[in-house]
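Chemist: Order-wise, the sequence lines are chains C and P.
Here the first sequence stands for residues 343 to 782, where the numbers follow this note's numbering.
Here the second sequence stands for residues 6 to 490, where the numbers follow this note's numbering.
I should point out that these hints are in silico values taken from the structure, not numbers from a laboratory.
Just to be clear, a hint being listed does not mean it is correct.
As the list claims (entries may be wrong) - According to the in silico footprint, chain P covers these stretches of chain C (three or more CB under 8 Å from chain P): (1) 401–412; (2) 421–432; (3) 604–611; (4) 706–716; (5) 733–741.
Said to hold, decoys possible - Restricting the straight-line Cα-Cα distance to at most 30 Å, the calculated cross-link-like pairs of lysine-lysine (DSSO-like) are: (6) P:K352 x C:K782; (7) C:K752 x C:K782; (8) C:K469 x P:K109; (9) C:K388 x P:K284; (10) P:K352 x P:K31; (11) C:K782 x P:K391; (12) P:K425 x C:K388; (13) P:K40 x C:K469; (14) C:K562 x P:K296; (15) P:K391 x P:K425.
What the hints assert, rightly or not - Over the 12 Å line for every Cβ pair with chain C, so calculated as not near, a few chain P residues: (16) Q12; (17) D27; (18) L35; (19) Q59; (20) Y86; (21) L128; (22) V134; (23) T168; (24) A207; (25) L236; (26) L301; (27) T309; (28) A311; (29) N339; (30) K391; (31) D452.
Think of the CB as a built atom: it goes at the ideal place given N, C-alpha and C, for glycine as much as any other residue.
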Amino acid sequence: MNNHKLEQLAEFVIKEGLRLGATDCAVSMYIGDSITTEVRLGEVEKQEGAQESGLTFTGYLGKKSVSVSSTNFRRDALTKLIRQAIEMAKATEEDQFAGLVDKHLLATNIPDLDLFDPALEKLAPEKKIALALAAEKAARLYDPRISNSDGASFSNTSAIVVYANSLGFLGSYQSTSCGLSASVIATDENNVLQSAGWYSGSRFFSTLLSPEEVGIEAAKRTIRQLGARKVETQQVPVIFEPTRASRLLTQFVSAANGDSIYNRSSIFLDKVGELIANPAVQIIDNPLIPQALGSFPFNREGLPAVKRQIVKDGVLQTYLLTGYAARKLGLQPNGGATGNLSITPGNMSFDEIVGTVKSGLLLTGTFGSGFNPVTGTYSVGANGIWIENGELAYPVHEITIAGNMLEMFKSIEAIGNDPITTSPVSSPTLKITSMMVAGK
Amino acid sequence: MNTNINQEALAFLQSTYKLSADQLEKLLVLATNSKNAYSDIYFQVGTEEGISLQQGSIMKPYRNLTGGAGVRSVIGDKTGYSFTDNVNYRNLAKAAKTAGAIVKYGSGTEAIKESSRSASSQLKDLYPVEETLLGVSLAEKINLLRQIDELVRALDERITNVTANIYVSEEIIVIATSLDELVIDRRPMLSLGVTCLAEDGANKQIGRSAGGGRVDFSFVYEDDRWQSFALEAARDAINKLSAKDAPAGEMTVVLGSGWPGILVHEAIGHPLELDFNRKDASVFSKSLDQKVASELCTLVDDGTIADRRGSLNIDDEGTPTQRTVLIEDGILKNYMSDRMNAALVGKSSSGNGRRESYRFAPQPRMTNTFMLPGQSTPEEIISSVKHGLYAFSFADGQVDVASGNFTFAANGARMIRDGKLAEYVNGATLIDNAAKALKNISMVGNDFALDKGIGNCGKGGQSVPVGVGMPTVRINNLTVGGTGK
């Protein structure tokens, strides 16, 4: 199905919702076509083709609301589904905060963010196999200690998203994405296995990392963990490399989610306008970056995509508010979920930051979620490279790092000059003054 | 008539999709595409419903209809998979062709063969639900949520928010294979969860309790279950208001019974799934018949326990589930397998081939995984520890199968001082290596319990419901990742 047909179907659903008794309604639809090719030890191991479809109808009877979803797009099935929704809505209770977002807030202009790569559809299956094979081969040839492989894969998806509501909003956009990954296993002299991988994802095939880059990075990350040891329990500076800093950023910003705020379950409750990070920290969400993975032209409620500064000079500027959360808190909605979230890069190079540490940890891997947004407690399993006298010394594992999230962000004392990446969350290298490393 | 063809399953496919037995066979041949290949089709029709209460408001109830079918083709160690959300013969034929395209890449000398325990010969009925879960009215569920809210708020004025949710689902699974099997399973699922926020000045804590299983709705009323879930969540939050910083470093850890069995799931369960081991990618590869744990440890995966969240009459390849002893008195006895991985090592599936839905190919997965009871009383175990941590509630866990390093996040814990339970401490991640931690198990309690039915397990992007269980257990030298001294 193409955009036009899906938009027609969305209009049908809205009309049908109103005809069957909804006072207001909305529909979001998704269709996606994806293919994944996995190889292992030089051979094709798995090929998966997926044609997904999904539709969610939200119906309102005054202040009563309900949502139903289905994978079946046949019109008779949709009518039946909407009837079920209306029956459910009748039986539920009123919620004074329920409802669509106010009409004047809806997006009126849907920007073209260049999210669709026609080249991906023309990519032959043999070419995809070749890419995955080349990534795995590059990883396996990198070092003789690479003893085994978890495989490599190439995947690509083409999707259409549609949203419509009974206030007159109707929008759709098409997008593509592709990814290449490799993961290998290395063995040390004591027969201890270490595995690690690397991944490149993009909306455009031409901007994906080469198979050699992906494979070699996977191999390097595996090899550097060989011979890892456990260190003594101690309080030291911790440097988060960009992959781990990005994950930390995701967790930090998740506590600004409007749902957590109105549930009083966040360290950011009543903190807008207050210092929650080092004044050098700028956190920006921009869903309007052309070609970027996290970009979208309008959000799931029909609100326009907008660039938001979430933290400015260390001060929390806003919560992330859906229509519901905003109404509950008496604030203006700004779209809830983030698009492309980033910490603005600083001035120091990675080497310079490592050079500032006499004894401490370069964090390269974390295990477990480990963050409690109510108390701010942060504790995760970790591995990485120990730093001695400003230089990378030896790999470490079977340790944890712990701290309080607010204190950690306030004590970010160095921000790397690593460039912003194309992934939906991007942070440069971050140095946190002091965290508890638990080991022996 | 073939005894492995279930007539109810055939009737279901005919009435739901107008698919005949002949068409089914044609599809399987299309997917198989060669005499050494194996193929199956997994049909799923289901409905799930949920409703929650938050801050005294009933939130938007939802109903999701799921339906589709996935076609798989296997040759040797190679898999082709494709699915459709819109099931009819034409779309299935397209999916079968896509899946069958894998055959040109494979040779397949170790073809999947009919096992002695095949399909419908021994159908179980582990979760007979007398009254449909989907028949329970919204009014009854709303009433229950309101009662939970009232009960908890009346308990203590420090409880400032209550979130409660009810989830029910029912699905019908039909599996057809190229080994002339056709089976059907009807799978119910219920869960009830309560989360409480307690506040005392600036100090805030969350407490949680939840449970469920493949049961009917009376489960929530029996044994005053909803009341006990609600009160447990509230007390958990209030108890934690006095929590101090968790300690940091290696120490003796005592794990409470039941849900802390997540240790068994992460540290031992995943590394004993056959896909990792066949590829020599697990810390326990090539360790069969070797001592991998303390002799106090006997560990089992059992998909055949009535009513449990992790139980299945048949797995998602149509193989009847079973009880598999993984480790007996510390010795590694068996891996958990699906059909493809079992065939590749010359064995039969252990009934652990599972998938999240028709959109995924199966993988070796756990069902209910637990450690059997030992001799010590929980009091003896706690009083044996001079200084350590007692962890009784966990959020999640993760394992790196290759190295065996695993973590699990305690969100309910107390210090043990001089053999007695002392102050509550904040949550902390625990980390160790599976090969070492299992040998450091020094006491095993006689108070075995399964969890209350809340577990989900993620692997390869697929989530499936599971169960865990354990008696109280003492482990020496586990690293606790707090911030305190």
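Chemist: Next step is simple, just say for each hint if it's right about the structure.
Modeler: Here's how the hints hold up against the structure:
Check result for the region 401–412 of chain C against chain P: holds, 6 residues qualifying (beta carbon to beta carbon below 8 Å, three or more required). Figure legend: the region 421–432 of chain C, annotated as covered by chain P; annotation consistent (4 residues with Cβ-Cβ distances under 8 Å, at least 3 required). Note: the region 604–611 of chain C has 4 residues with beta-carbon separation from chain P under 8 Å; the three-residue rule is met and the coverage holds. With a threshold of 8 Å between beta carbons, the proposed coverage of the region 706–716 of chain C by chain P holds, since 6 of its residues qualify and at least three are required.
By the rule of at least three residues with a Cβ nearer than 8 Å to a Cβ of chain P, the coverage given for the region 733–741 of chain C holds, with 3 such residues. Straight-line distance between C-alpha atoms of K352 of chain P and K782 of chain C comes to about 42 Å, which puts the hinted pair past the 30 Å bound. Proximity of K752 of chain C to K782 of chain C is assessed by CA-CA distance (about 28 Å); at most 30 Å being required, the pair is judged to hold. A threshold of 30 Å between alpha carbons decides the hint, and for K469 of chain C with K109 of chain P the separation of about 16 Å falls inside it, so the pair holds.
Restraint check for K388 of chain C and K284 of chain P: the C-alpha separation of about 15 Å stays at or below 30 Å, so the hint holds. Taking the CA atoms of K352 of chain P and K31 of chain P, the gap is about 28 Å. The hint holds against a cut of 30 Å. For the proposed pair K782 of chain C and K391 of chain P, the alpha carbon gap of about 18 Å is at most 30 Å, so the pair holds. Proposed proximity of K425 of chain P and K388 of chain C is contradicted: the alpha carbons are some 54 Å apart, above 30 Å.
Restraint check: the Cα-Cα separation between K40 of chain P and K469 of chain C comes to about 28 Å, which is no more than 30 Å; the hinted pair holds. About 33 Å separates the Cα atoms of K562 of chain C and K296 of chain P, which puts this hinted pair outside 30 Å; it is violated. Among the hinted pairs, K391 of chain P with K425 of chain P is consistent with the structure: their alpha-carbon atoms are about 8 Å apart, no more than 30 Å. No beta-carbon of chain C is positioned within 12 Å of the beta-carbon of Q12 of chain P; the least distance is around 27 Å.
Every CB of chain C lies more than 12 Å from the CB of D27 of chain P, the least distance being 25 Å, so the non-interface label holds. Under the 12 Å C-beta cut-off, the non-interface status given to L35 of chain P relative to chain C holds; the minimum distance is some 14 Å. Interface exclusion of Q59 of chain P from chain C breaks down, the closest Cβ pair being 7 Å apart, not more than 12 Å. The beta carbon of Y86 of chain P sits about 4 Å from the closest Cβ of chain C, which is not more than 12 Å, so the claim that it is off the interface is violated.
With a minimum CB-CB distance of about 29 Å to chain C, L128 of chain P clears the 12 Å threshold, and the non-interface call stands. No beta-carbon of chain C comes within 12 Å of the beta-carbon of V134 of chain P; the shortest separation is about 21 Å. Annotated as non-interface, T168 of chain P brings its C-beta within 12 Å of a C-beta of chain C; the closest such distance is 7 Å. A cut-off of 12 Å between C-beta atoms contradicts the statement that A207 of chain P is not in contact with chain C; the least separation is 10 Å.
Distance check for L236 of chain P against chain C: the nearest CB is about 20 Å away, which clears 12 Å, and the non-interface claim stands. Every beta carbon of chain C lies more than 12 Å from that of L301 of chain P, the smallest distance being close to 23 Å; the non-interface claim holds. Here T309 of chain P stays apart from chain C, with its beta-carbon at least about 30 Å from theirs, past the 12 Å limit. The Cβ of A311 of chain P lies farther than 12 Å from every Cβ of chain C, with a closest approach of about 31 Å, so its non-interface assignment holds.
For N339 of chain P, the requirement that its beta carbon stay farther than 12 Å from each beta carbon of chain C is met, with the minimum near 21 Å. Distance check on K391 of chain P: its Cβ is at least 18 Å (rounded) from any Cβ of chain C, clearing the 12 Å threshold; non-interface status holds. For D452 of chain P, the condition that its CB be more than 12 Å from all CB atoms of chain C holds, with the nearest at approximately 27 Å.
The structure fails to meet hints 6, 12, 14, 19, 20, 23 and 24 from the earlier list, while all remaining hints are met.
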